[in-house]
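Build out the structure end to end from the sequences listed, making use of the hints.
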Amino acid sequence: MIGLLIISHCDLGREFLNAAELIVGRLKGADAIAITQTSESKELLKAIDEKIKNLDHGQGVLVLTDMFGGTPSNLSLSFLKEQTVEVLTGVNLPMVIAVAQDRERLTLSELGEKAEQAGRRSIALAGKLLK
Numbered sequence: 007m008i009g010l011l012i013i014s015h016c017d018l019g020r021e022f023l024n025a026a027e028l029i030v031g032r033l034k035g036a037d038a039i040a041i042t043q044t045s046e047s048k049e050l051l052k053a054i055d056e057k058i059k060n061l062d063h064g065q066g067v068l069v070l071t072d073m074f075g076g077t078p079s080n081l082s083l084s085f086l087k088e089q090t091v092e093v094l095t096g097v098n099l100p101m102v103i104a105v106a107q108d109r110e111r112l113t114l115s116e117l118g119e120k121a122e123q124a125g126r127r128s129i130a131l132a133g134k135l136l137k
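Per my numbering, the sequence shown starts with residue 7, numbered consecutively.
None of these hints come from the bench; they were simulated from the model.
Worth double-checking, as some hints may not be accurate.
Claimed, not checked - Cross-link-like lysine to aspartate or glutamate pairs, in silico, EDC-like; alpha carbons within 20 Å at most:
id, residue 1, residue 2
1, K57, E88
2, K59, E88
3, K52, D62
4, K57, D37
5, K34, D55
6, K34, E21
7, K87, E46
8, K57, E21
9, K87, D62
10, K59, E110
11, K137, E21
12, K52, E27
13, K87, D55
14, K120, E110
As the list claims (entries may be wrong) - Okay, the calculated beta carbon distance ranges per label pair:
id, residue 1, residue 2, range
15, M7, G133, 37 to 45 Å
16, K137, D55, 43 to 51 Å
17, K137, N60, 41 to 49 Å
18, Q89, K34, 15 to 23 Å
19, Q107, A130, 17 to 25 Å
20, G64, K137, 44 to 52 Å
21, K87, Q107, 34 to 42 Å
22, D55, S128, 25 to 33 Å
Virtual Cβ for every residue (Gly too), placed ideally from N, Cα, C.
In structure tokens form, the structure reads like this:
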């Protein structure tokens with residue numbers, strides 16, 4: 007199974023995992039790291055490294071972050087490694103659910119693509135959509 011790590015500002019990542027578990031049930035091999043004003047980059051890099059090592063059971067780890075260019079994604083990008091760690095920014099709940107449902111049958115690259123597609127498909131301007 008591919009590991010899932012959500013790195014976000016504050017506890018957004020933990021709450022995405024909580025919401026996904028409410029919908030699809032318990033998520034094994036998933037964790038979150040919260041970045042706050044008191045977080046030190048050196049400590050965060052160490053925590054990310056440890057979480058990735060703990061979550062990788064041979065199929066890699068997909069790291070989801072809240073927004074490209076923010077501290078969570080900037081720190082995560084240093085862990086990019088083909089077929090081992092992939093980073094996808096702009097996390098949303100449909101993305102997390104897509105990852106939760108297919109971590110056992112897809113490769114890391116395929117899972118990243120599926121999560122990206124699920125995230126994009128879920129964005130809708132309701133007023134425009136309902137016209």
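Do the hints match the structure? See the list:
| no. | hint | in the structure |
| --- | --- | --- |
| 1 | K57 - E88 | 18 Å, holds |
| 2 | K59 - E88 | 15 Å, holds |
| 3 | K52 - D62 | 16 Å, holds |
| 4 | K57 - D37 | 8 Å, holds |
| 5 | K34 - D55 | 19 Å, holds |
| 6 | K34 - E21 | 15 Å, holds |
| 7 | K87 - E46 | 23 Å, violated |
| 8 | K57 - E21 | 17 Å, holds |
| 9 | K87 - D62 | 12 Å, holds |
| 10 | K59 - E110 | 18 Å, holds |
| 11 | K137 - E21 | 32 Å, violated |
| 12 | K52 - E27 | 27 Å, violated |
| 13 | K87 - D55 | 12 Å, holds |
| 14 | K120 - E110 | 13 Å, holds |
| 15 | M7 - G133: 37 to 45 Å | 40 Å, holds |
| 16 | K137 - D55: 43 to 51 Å | 48 Å, holds |
| 17 | K137 - N60: 41 to 49 Å | 48 Å, holds |
| 18 | Q89 - K34: 15 to 23 Å | 21 Å, holds |
| 19 | Q107 - A130: 17 to 25 Å | 21 Å, holds |
| 20 | G64 - K137: 44 to 52 Å | 49 Å, holds |
| 21 | K87 - Q107: 34 to 42 Å | 24 Å, violated |
| 22 | D55 - S128: 25 to 33 Å | 31 Å, holds |
Hint violations for this structure: numbers 7, 11, 12 and 21, all remaining hints satisfied.
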